[in-house]
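**Q** So you can see what is in the structure, the chains are spelled out below.
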Amino acid sequence: MNAEERYTPLNWPDHPETQTLEGKNKFLGFWLFLAGETVLFASLFATYLALKDSVPDSSHPLAKDLFNLPLVFAMTMILLTSSITSVYAIYHMRNYHFKKMQSWFVITVLLGAGFLALEIYEFTHYVHEYHFTFGSSAFSSAYYTLVGTHGAHVTFGLCWIIALLVRNAKRGLNLYNAPKYYVASLYWHFIDVVWVFIFTVVYLIGKVG
Amino acid sequence: MNMENEQAKNPNLRAHHDYRRKKSAKEMQVQVITFALMIFLTIVAFIAVGTGDFSVKFIIPFILLLAVIQVGFQLYYFMHASQKGHELPMFFMYSAVIIAFVTVLAFVTIIWW
Amino acid sequence: MSSVAVKKGLGASVWEYLTTVDHKKIAHLYLGTGGFFFLLGGIEALFIRIQLMKPNNNFVNEQLFNEIMTMHGTTMIFLAAMPILFAFMNAVVPIQIGARDVAFPFLNALGFWLFFFGGMFLNLSWFLGGAPDAGWTSYASLSLRSEGHGIDFYTLGLQISGFGTLISGINFLATIINMRAPGMSFMRMPLFTWTTFIASALILLAFPPLTIGVFLLMFDRLFGSNFFDVTMGGNTIIWEHFFWIFGHPEVYILVLPAFGIFSEIIPTFSRKRLFGYSSMVFATVLIGFLGFMVWAHHMFTTGLGNVANAIFAIATMAIAVPTGIKIFNWLLTMWGGSIKITVPMLYALGFIPSFVIGGVTGVMQAVAPLDYQLHDTYFIVAHFHYVIIGGVVFGILAATHFYWPKMFGTKLSEKMGYVTFTLFFIGFHCTFFIQHFLGLMGMPRRVATFLPGQGLELGNLISSIGAMLMAVAVIILLFNVVITSIRNKKVGADPWEDGRTMEWAIASPPPFYNFKQTPLVRGLDTWWLEKMEGKKELTPAEPLGDIHMPNNSIIPFFISLGLFVAAFGAMYNPLNSVGDGKSWGLPVLIIGLGITFGSMLIRSLRDDFGYHIHKEDLLEDDKGGKVG
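Chains as they are written, first to last, in this note's numbering: chain A, 1 to 209; chain B, 1001 to 1113; chain C, 2001 to 2628.
Hints should not be assumed to be uniformly reliable.
[Claimed, not checked] No farther apart than 30 Å at their CA atoms in a straight line, the calculated lysine-lysine pairs in the DSS-like style are these:
| id | chain 1 | residue 1 | chain 2 | residue 2 |
| --- | --- | --- | --- | --- |
| 1 | A | Lys180 | B | Lys1084 |
| 2 | C | Lys2411 | C | Lys2582 |
| 3 | A | Lys180 | B | Lys1023 |
| 4 | A | Lys180 | C | Lys2024 |
| 5 | A | Lys99 | B | Lys1057 |
| 6 | C | Lys2531 | A | Lys24 |
| 7 | C | Lys2536 | C | Lys2582 |
| 8 | A | Lys24 | B | Lys1084 |
| 9 | A | Lys64 | A | Lys52 |
[Unchecked claim] Facing chain A, a subset of chain C residues (Cβ under 7 Å, in silico):
| id | residue |
| --- | --- |
| 10 | Ile2170 |
| 11 | Ala2174 |
| 12 | Phe2227 |
| 13 | Asn2329 |
Hints were generated in silico from the structure; no laboratory data involved.
All values derive from a computational prediction rather than experimental measurement.
Beta carbons: idealized from backbone N, C-alpha and C, even for Gly.
The whole structure should be built from the sequences, with the hints applied where relevant.
**A** Here it is as structure tokens:
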């Protein structure tokens, strides 16, 4: 099957993302990458848990002093919603509705950008109000590295999806770029998986003490 | 090759297409229900911590359990891990989860300086 | 890509190697670059042994000794052993499974160039203020305080190299899972492919903790964080855990492919199939899994407590069981076989007792109370050199002879090979056997010198003489390579005559598309099966048709170059702990990252469908015309 062929909704394959060998390889390769990322983030969580509340003296804020649950709740809702919007996008991809897929990805990007904006606000708030910077203490270094790495992944994901949207605007959907969209949405879901653990382990457990 | 002619000639194509559309739509409904459940679990976790009524010994395992359930939903529904063709990917994911668990366990038990 | 033979000039050849995505050419790149670093690491070893030839020697001062000792270990493991093993994996595994290339040819090239630039960056330290000096393990308390940029070269160089390794690990996993020829079930794969598969899974799961640990050290030294600074709440044991959660699986990443190589060589030169195939596969999987559960046996003396020490001690002893299974299976393969003592077989015969010696001293060290006595002494040095040289280096030298014809179309001189083996084997035991006793007598490791009158002089002298013998052996091997290349006597597809697996069914070296028609795999030891039925070629699984091939690309080179540039920016950024930050630090970091991400973007924005070799050209190739 030629990857550049033009399709209609009728003869578009059921699982376009794995119709080609390239697609099958990308699908498998990406899941393997996610397994590696699981261990990567687990290492960051382990570091955070080992260094949680580890500060040089009592003038430094601890987890329960810092974290603002309403803000984190809003961020969680936004990111979770962006996950379902990307599911919608892939649903339209499977049905060969290119424009609808693009629209749902645009919504995903906007929600993701909203999440990032709130996170940047949160970090600047910590720096200005509590002098809680990357170099303040071991606890702060561990916090910013864990949550910051997640934020960097969100940023990369947004750039990735935007690049796909721009790149394919004139090309439409075909078996060459279907795997690209599928893999990008897997990445986006994984970022939400990590966030579920971040809001639970860092913020909720932080507040509880 | 003329796509349109082929479609007109092949009524099976239309039937399969309709079947697939219906199946997709049903799957999408399942996804939305999953999403609603995930929102619910998140709200429960936040409320459990927010009220401050529960003891630490209960809350921490409880919200961790909620997180694991939510991640299960994300993996098995949003990321289609429940569909066929995902056996090897899930084998590697679970291997990673085992290593991840051992790492975190080590860091919270045998680091005490 | 032309379909007519063109005489290539030097420039065209250089460009071909800079842009290749062909696994066979990438194998050449890994072998050449890894080989160069092996020589560098060997010179570093020689300097160590010259310094320690006599007490109170001043061949090098303490600081330089620490740098040489650190770079010897770091270079040998990360820049020599791993890349050379990747060379053989690249050269052999796709053909063993009947594929035309790996799953991600572009990423394969990227993996190489990341290794290349990481290794270059690390070694530039010699010229830019001093090499890293805290051992290849770079423990956080010592390495944080290291003056100069040596440790920064270590963190940044290894990080870049490490990305390459991780990418290659994913590549081989996907290749072996998705691209096996029809009929090749998992239990019909050759053992070298199996060990590559498990080692790649280990890479996938073990490199992320190293990545994080190295990032933490980098952040502490270059950006002011406090992970390991005890006064700010930090904890240095975190480094040790991350390093060894990576480090222990790493040694299995090194040795499993070597085991795989011997599992090919021993049946071939016993003219008998591998004994106990299923148990060999099972043992490999078990070694891989258990390898993740034992890391704290490197930390027995750090005060983890008796319960932790006991758990890790027992897990460590358990690994001896599957390893023992493998040793017995190799012996039973040879038993009753028709043995041909070629150079590869000689290395296999030398490997078995040498590796077993290393293995049993490992079990000794697993006994935690005894390890309190042995830790940080020369006993440990003896142990790991026995397993690494006895296992990995012998495997590499064996594979160099065994696979040279498949990779280059010529055959290394057997006579010179016997001389290399003999000198190397004697030199190796000379150097390291005596070190067991030096360690038991209390000589600590990593010391730049030792005092006279403590009974250590003779042992160290013998050890150093052994090193000279090994050096001569390696020089003879180099000579062998040069002479063979000059003579350029071409060999056929199956030059060892008893090849069992599919790589020996196609030309030496193979055509760039590997198989004209994807082969049909009818059983284990596929090529042997066909040969025993009188066939001259593999059974095809498909009719002759157009072959789809990937395009070359210069982009992997630039993605890696960007990170190389960025590393300089990071090292000299204004916040670094050495205190010599420059104003150009941050701009250079951004420019470097820009080159990397910009190249990735260029790659992603274009469609790259590869190209097709047409059926007619393949038929012509049959008749003697050259394709490509």
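**Q** Hint C:Ala2174 vs chain A: min CB-CB distance below 7 Å?
**A** Holds: closest Cβ of chain A sits about 4 Å from C:Ala2174, inside 7 Å.
**Q** Given the hint that A:Lys180 pairs with B:Lys1084, test it: the Cα-Cα distance must not exceed 30 Å.
**A** Between A:Lys180 and B:Lys1084 the Cα gap is close to 20 Å, so the pair holds against 30 Å.
**Q** Between the alpha carbons of C:Lys2536 and C:Lys2582, is the straight-line distance 30 Å or under?
**A** violated (66 Å)
**Q** Verify the proposed pairing of C:Lys2411 with C:Lys2582, using a straight-line Cα cut of 30 Å.
**A** violated (52 Å)
**Q** Taking only the CA atoms, is the gap from A:Lys180 to C:Lys2024 under or equal to 30 Å?
**A** Holds - the C-alpha atoms of C:Lys2024 and A:Lys180 are around 28 Å apart, at most 30 Å.
**Q** Holds or violated: A:Lys24 with B:Lys1084, Cα cutoff 30 Å?
**A** holds (13 Å)
**Q** Would the hint linking A:Lys99 and B:Lys1057 be met if the CA-CA limit is 30 Å?
**A** Since the Cα atoms of A:Lys99 and B:Lys1057 sit roughly 50 Å apart, the hinted pair is violated (cutoff 30 Å).
**Q** Hint C:Ile2170 vs chain A: min CB-CB distance below 7 Å?
**A** With Cβ-Cβ at 5 Å, under 7 Å, it holds.
**Q** Does the structure keep A:Lys180 and B:Lys1023 at a Cα separation of 30 Å or less?
**A** Holds - the C-alpha atoms of B:Lys1023 and A:Lys180 are around 23 Å apart, at most 30 Å.
**Q** For the hint on C:Phe2227, does the least C-beta distance to chain A fall short of 7 Å?
**A** For C:Phe2227, the interface hint holds, since the closest Cβ of chain A sits about 6 Å away, which is under 7 Å.
**Q** For the pair supplied as a hint, A:Lys64 and A:Lys52, confirm whether the alpha-carbon distance does not exceed 30 Å.
**A** With Cα atoms ~11 Å apart, A:Lys64 and A:Lys52 stay inside 30 Å; holds.
**Q** Is the straight-line distance between the alpha-carbon of C:Lys2531 and that of A:Lys24 30 Å or less?
**A** violated (34 Å)
The earlier numbered hints that this structure contradicts are 2, 5, 6, 7, 13.
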